[in-house]
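Protein chains in written order, with the numbering used here: chain A, 1 to 181; chain B, 1001 to 1278.
No wet-lab data here; the hints were simulated from the structure. These numbers were taken from a predicted model, which means no experiment stands behind them. Don't take each hint at face value.
[Stated by the list, open to error] Here are the computed lysine to aspartate or glutamate pairs in the EDC-like style, where the Cα-Cα straight-line distance is at most 16 Å:
id, chain 1, residue 1, chain 2, residue 2
1, A, Lys80, B, Glu1043
2, A, Lys93, B, Glu1192
3, A, Lys80, B, Glu1192
4, B, Lys1042, A, Glu39
5, B, Lys1042, A, Asp173
6, A, Lys69, B, Asp1187
7, A, Lys93, B, Asp1046
[Stated by the list, open to error] Derived coverage of chain B by chain A (criterion: at least 3 residues anywhere in the stretch with Cβ under 8 Å from a Cβ of chain A; other residues may be distant):
id, stretch
8, 1158-1164
9, 1196-1203
[Unchecked claim] To give an idea of the interface, some chain A residues facing chain B are shown, with a C-beta separation under 8 Å as derived from the structure:
id, residue
10, Phe117
11, Arg128
12, Val129
13, Lys133
All C-beta atoms in this analysis are idealised placements derived from N, C-alpha and C, irrespective of residue type, glycine included.
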Amino acid sequence: MTLLFKRLGQCTALCFALLSCLLIPTFSASAAPIPATAELAVEFSLPKIDSSMYARPYVAVWIENSKRKSVRTVELWVGKDEWLKDLRSWWRKVGRYDRALVDGVTSATRPAGDYRFTWDGLDNDGNRVEAGKYTFYVEVVREHGGRNFIRQKMTLGDKPFSHTIAPTEETGDIRINYLIK
Amino acid sequence: MSKINKFKVLGLACTVIAGLAATTTANAHPRWVLPSHFTVSKEGGDWLTFDVTASHGTFVFDKPAGSEFAQVVMPDGRKERPNFVIRGKRRSIFDFYFEEEGTHKVAINNVPSYYTAYKAGRRDTVKRLKANKAERANLLPEKARDVSTQLSYTRAESYVTVGMPTEKALEIEGKYLEMRPLTHPSDIVEGEEVSFQFFFNGEPQSGVTADITREGTLYRNHQEQIDVVSDKDGKVTFTPNVAGRYLMKANYKGELKNDPMADKASVNVHFTFEALLQ
Chain A
1 MTLLFKRLGQ CTALCFALLS CLLIPTFSAS AAPIPATAEL AVEFSLPKID SSMYARPYVA
61 VWIENSKRKS VRTVELWVGK DEWLKDLRSW WRKVGRYDRA LVDGVTSATR PAGDYRFTWD
121 GLDNDGNRVE AGKYTFYVEV VREHGGRNFI RQKMTLGDKP FSHTIAPTEE TGDIRINYLI
181 K
Chain B
1001 MSKINKFKVL GLACTVIAGL AATTTANAHP RWVLPSHFTV SKEGGDWLTF DVTASHGTFV
1061 FDKPAGSEFA QVVMPDGRKE RPNFVIRGKR RSIFDFYFEE EGTHKVAINN VPSYYTAYKA
1121 GRRDTVKRLK ANKAERANLL PEKARDVSTQ LSYTRAESYV TVGMPTEKAL EIEGKYLEMR
1181 PLTHPSDIVE GEEVSFQFFF NGEPQSGVTA DITREGTLYR NHQEQIDVVS DKDGKVTFTP
1241 NVAGRYLMKA NYKGELKNDP MADKASVNVH FTFEALLQ
């Protein structure tokens, strides 16, 4: 009886192996890149905060794929690299693995105000990302202040969309617009 | 001139004796290390500082455990000594400049100690002798009974990562009790499962007991400790639900077979780590 089950088990395993062989090529074929004209336009704001020890916050904005792997750091507003680690999540997931990327994307910290920037749909290596599920991340950390960590799930394909992200202590209104021109 | 030298020697001897005395008093208290930071992002490296003490409170300084034996295992596996060591009344400190990319292990392991317990005379009082199995024959009274020698060894350790995490410094030596992080120490995040593996003399060891406690016990009513016991592969898994600094106190007690120095062992790993915010 147990032998029979074992046999059955082996057979099922084999079937699965065969099935997955058949499925993998179809799956990768369907994962086409997003349209070349697609882009993610971001409206972003930093609130005015009254504090006797106000320092401009450190900001990281990045995109992760469905496997929670970072594909692109869109914005990085920082000062001394000593404090990069305070962007806890971005440093752990992205920054610590690639100094060249950090140097390439870094720009100065900014005061409270409204900002616009765009993600061109390319990954860190300059390749257009595949259509699928992604997460838009914002991490904002302020010296003598707080930290906010924002996640917005999104599906990138041939359909435009927009999401509004509610303000937090360290972030103002954020709106992401996926546009296909 | 020779007088000065004698004084110097005497001074040194006193320091050594004081050091030994301190180590002995510290034995009853768990000895641990607390790094100022666990992560370095500054290009070109940075100074970090470490507190070493022995206490019953989690990250509360109490006894001045020494840092003279402190070592930093570099990302390539070679060992370095700390740059500055100071011993105060309730802790010792040392500083080290971390500039090589990768994961460093910081260890303050002291040396193995041996105690022989025995009974002698009409009473059944257990007496103790600071001697190992090889030395005890000359020191025990003639009619000593229930003689047993115990090896004690404690590792106080933590990890610091500069830039990209690496694995080399996580390797075990194959001696006494050791903990090999299966979850990289720089990847311990609140709410996510963590796995460690225990080894005794280089072999995976089941039955290692460990309690894992978050800092701040002085300011809460309950320890809120996590208790784990290693499985047949020496592994433990747990989830730190709150970000913060944690102390894991792991102990293994076991018989030693064919060991010329001791009959049994009580060995510890006191590991300090941080659970990061999501």
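A quick look at each hint next to the structure:
1. A/Lys80 - B/Glu1043: 9 Å, holds
2. A/Lys93 - B/Glu1192: Distance of about 15 Å is within 16 Å: holds.
3. A/Lys80 - B/Glu1192: 30 Å, violated
4. B/Lys1042 - A/Glu39: Violated - the C-alpha atoms of A/Glu39 and B/Lys1042 are around 33 Å apart, more than 16 Å.
5. B/Lys1042 - A/Asp173: Roughly 32 Å separates the two Cα atoms, so the pair is violated.
6. A/Lys69 - B/Asp1187: Holds, at about 14 Å.
7. A/Lys93 - B/Asp1046: 21 Å, violated
8. 1158-1164: holds (count 3)
9. 1196-1203: violated (count 0)
10. Phe117: 23 Å, violated
11. Arg128: 27 Å, violated
12. Val129: Not OK, violated: A/Val129 not within 8 Å of chain B, min 24 Å.
13. Lys133: Not OK, violated: A/Lys133 not within 8 Å of chain B, min 19 Å.
In the structure shown, a violation is registered for the earlier hints numbered 3, 4, 5, 7, 9, 10, 11, 12 and 13, in ascending order.
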